[in-house]
Amino acid sequence: MAEKLLGSAIRRREDPALITGRAKYTDDLKLPNMAYVAILRSPYAHARITRLDTSKAKALDGVVAVFTAEDVAQSGIPGQVPVGWLLPDMKIPTRPLLAQDRVRYVGEAVAVVVAEDRYTAHDALELIEVEYEPLSAVANPAKAVEEGAPLVHDDAPNNIAFDWEIGDKEATDQAFANAAHTVSLNLVNNRLIPNAVEPRAALADYDPVSGRLTLWMTTQNPHIHRLLMSLASLGLPEHKIRVIAPEVGGGFGSKIHHYPDEAIVSWCAMQLGRPVKWQATRAETYLTDAHGRDHVTTAEMAVDENGKITGLRVHTYANMGAYYSTFAPAVPTYLYGTLLSGEYEIPNIYCRVVGVFTHTTPVDAYRGAGRPEATFVVERLVDLMARKLGMDPAEFRRKNFIPPDKFPYQTPVALQYDSGDYEKPLNKALELVGYEQLRREQEEARKEGRYIGIGLSTYIEACGLAPSSVVGSLGAQAGQWESAIVRVHPTGKVTVYSGSSGHGQGHKTTFAQIVADILGVPYDDIEIIQGDTDEVQYGWGTYGSRSAAVGGSAIAVSAQKVVEKGRKIAAHLLEAAEDDVAFEAGKYYVKGAPDKAVTIQDVALQAYLAHNLPPGIEPALEAAAFYDPSNFTFPFGTHVAVVEVNPESGEVNLLRYVAVDDCGHVINPLIVEGQVHGGIAQGVGQALYEHAVYDEEGNLITGTLMDYAVPKARFLPSFELDRTVTPCPHNPLGVKGIGEAGTIAASAAVVNAVVDALAPFGVEHIDMPVTPEKVWRAIQGAGN
Amino acid sequence: MHISLTVNGQPYTVDVEPRMLLVHVLRDVLDLTGTNVGCDTSQCGACTVIMDGRAVKSCTVLAVQADGSEILTIEGLAKDGELHPLQEAFWNNHGLQCGYCTPGMIMTAYYLLQTNPNPSEEEIRHGLEGNICRCTGYHNIVRAVQEAAQRM
Ligand code: FES
Ligand code: FES
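Just so you know, the sequences run in chain order C and B. Under my numbering, the first residue of the first sequence carries the number 955, and numbering increases by one thereafter. Under my numbering, the first residue of the second sequence carries the number 47, and numbering increases by one thereafter.
Isolated chain C (complex conformation):
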């Protein structure tokens, strides 16, 4: 009899292949007669291409072909990289596979080389002669909208991509007019680079006889890539394309998007009739993976005389980069503006977001995607206001939390929170960190000239993306349901096909846990298949913390359908009425007579033999589900950072980090905690270390791991975790998603801690990353 597996911390079935070096990532794959691709990229942020001569490169020994935009055009393919989210009145410039006569960011693809080996392919890049006429460029979104700024696209005046708003402007202005107190903040949410440790890669194989393309690539969502390859880039019919995600080395959003590169690689394979492989270098990763964040924001908060928040007003310039990346327009709008209520009852909110084109790498979803930016705005304002009112920041939060009896709670910014109990994680986190005691220590330390800071972040996120009709009405050119097929074989072994596509999240373990419990079959009898468009019916993929909540729910629903079909067959075998048949731990029996049971394995065999099925029942035992959730899920929690700041050197030392999250039911605590750890590290990275910096000419000056500080082990403490459990009320597993919580909460917690540490100096805000230099300047500038 199978044990209950939901909730148990079993170690992952993915790991044996990974810890022995046998797992196959894209670049590990080899095909006979395979050639290698290298891509020539623009060194200029903005320039006209006046001459492009590939003859010397073509003449190099070992070079198979060199292609430019002209060749792509001649081949007659659509050759576009589309945007997958539309906003009202947005400007939509076309994005080509290879730059035609103008380049718009450093790193834009200009030409492509195919050669017999990787070294030769890279050598040949240097032999391609390109003459550029440099044009002036702009990288900062607030500057790009100024009169006279260089235009990225001639048909987007002032570089404005879209101008979007949410909430009630008039009512919010009124709330500010009537406020007892207000605070305001100008902040920059720093541009980040995802930096999955595996750079993007693709291996394309085209069979001219069948007309089929097989594409192995680093993807979080193979079906989306197949769709966009077919519709917009290659023009191959969808059923002639197979996209496979082999082992994928992390994504964090960067492997959601449809980029020109993988399409170029596919096209090369089609042109040449031989397999070709491309492996990005880290330098290419920095220049071409969609970046994250990059907001310039003004935000204000109003309270009444009782310290209750009455209004929130936010204006943001959001950098889109030179073109729209796949889901870019959604990130600073529907994934940002809708989250500005945080955990608080705020009757009036107004947010305006201006999306801006600049001569920089496109910006899109990076772990958290819009929600960390929203949390940062709200949690910083909350701290500022608490200070202004002379209240403890925990107390001010408590006073303004949406109380548990007000759920479902309709925010003024579209979302309806289905459940929540915000004081619980707050109290737990404060207890875990020893809040009262810490405050006393902080006092004592200050007397000795040591500056300790305690920073809270009480966050909410909306994830488990989520009802297709809703995202469709907001502009998504995609659905957001998920598919699952649960197939029981004649011997009772089970194969599950899931539309989720894991790349480090441990789906094969957690999904098998779900199925083992519902079907009552041994965990080891269950195989999970994902990441292959030929095997899996359809899938919208893995991002937005949706795999457990949507993909897992799809699996639960289809497994339950299998149980129900099995019940009909079992009832027939037991000669009982279906309603009288119970199912428990893999066994069907007539209620009250558990000794005379048939197992689900017996039923499976009978279902396949089909010698003796009840009337109207089709042979075989499997079920499909297409699960479209009725709402987003709303994980929440409290994170607390404790820092010590050295006012002389400006150095920030992260002493402790406590996280209490509520992601509903937990399928596997080991994996949930791992997600929180990784998320925190990325949030702390944003707060203290990471920054993608462009100079005035649009050059990325942090284009290597030396200049862009991805946190290392010694930058971080061990984390102290706990959780509360408020199940999601609308999905069958009661799960909410945990992939992004850490990142959403952490940057605000850390910056709040630093600002708290520097309260004696009158410092009210420091932009991220909080480097020693910025700390030092803030202390000097605070005018003490």
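In case anyone wonders, no lab produced these hints; they're calculated from the structure. Mixed in with the good hints there might be a few duds.
[Claimed, not checked] In silico lysine-lysine, DSBU-like type, Cα no more than 30 angstroms apart, as pairs:
1. B/125 / C/978
2. C/1262 / C/1447
3. B/125 / C/1353
4. C/984 / B/125
On the provided structure of chain C, position chain B with the ligands as indicated by the hints.
Coordinates of chain B with the ligands only, in the frame set by chain C:
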């Protein structure tokens, strides 16, 4: 030119271009693809192997420099189907997510425990200085190295 080297106990003679990197010999010539490449500036450590007893970044070693040397890669760590205690500990402690950094991380930890069999948490974090993991936040990697140290 020809070089000879021993990888995971197996002797090989291979023909390489003078500029070829050790990591490409391992991956492309010997088909030992467990060792990964994550960067081009010797920062990420995904390519770490043990060469003549020391941890090296194989993306920074020319194949010709490895002539005559003895190399241990992630594929050579398990013996007779038995996982090495480090592999076991990474598995037990969920010390990996996407797994891309893991071979390099384990080889670095292997070297660390050779030189310091009983490291403190701080020594572990410093010992892993040259290896980047974007998934785990290092928390469980540290736990894994601690557990392995105890078992070795
Ligand atoms: S591949 Fe990054 S250090 Fe060798
Ligand atoms: S497990 Fe993904 S980079 Fe370390």
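Check whether the Cα positions of residue 1262 of chain C and residue 1447 of chain C lie no farther apart than 30 angstroms. violated, 58 angstroms
Given pair status - residue 125 of chain B, residue 984 of chain C, alpha carbons within 30 angstroms: With Cα atoms ~27 angstroms apart, residue 984 of chain C and residue 125 of chain B stay inside 30 angstroms; holds.
Next pair to validate is residue 125 of chain B with residue 1353 of chain C; report whether the Cα-Cα distance is within 30 angstroms. Roughly 60 angstroms between the alpha carbons, so the hint for residue 125 of chain B and residue 1353 of chain C is violated.
Proposed proximity, residue 978 of chain C with residue 125 of chain B (alpha carbon, max 30 angstroms): holds, 21 angstroms
This entry does not satisfy hints 2, 3, going by the numbered hints stated previously.
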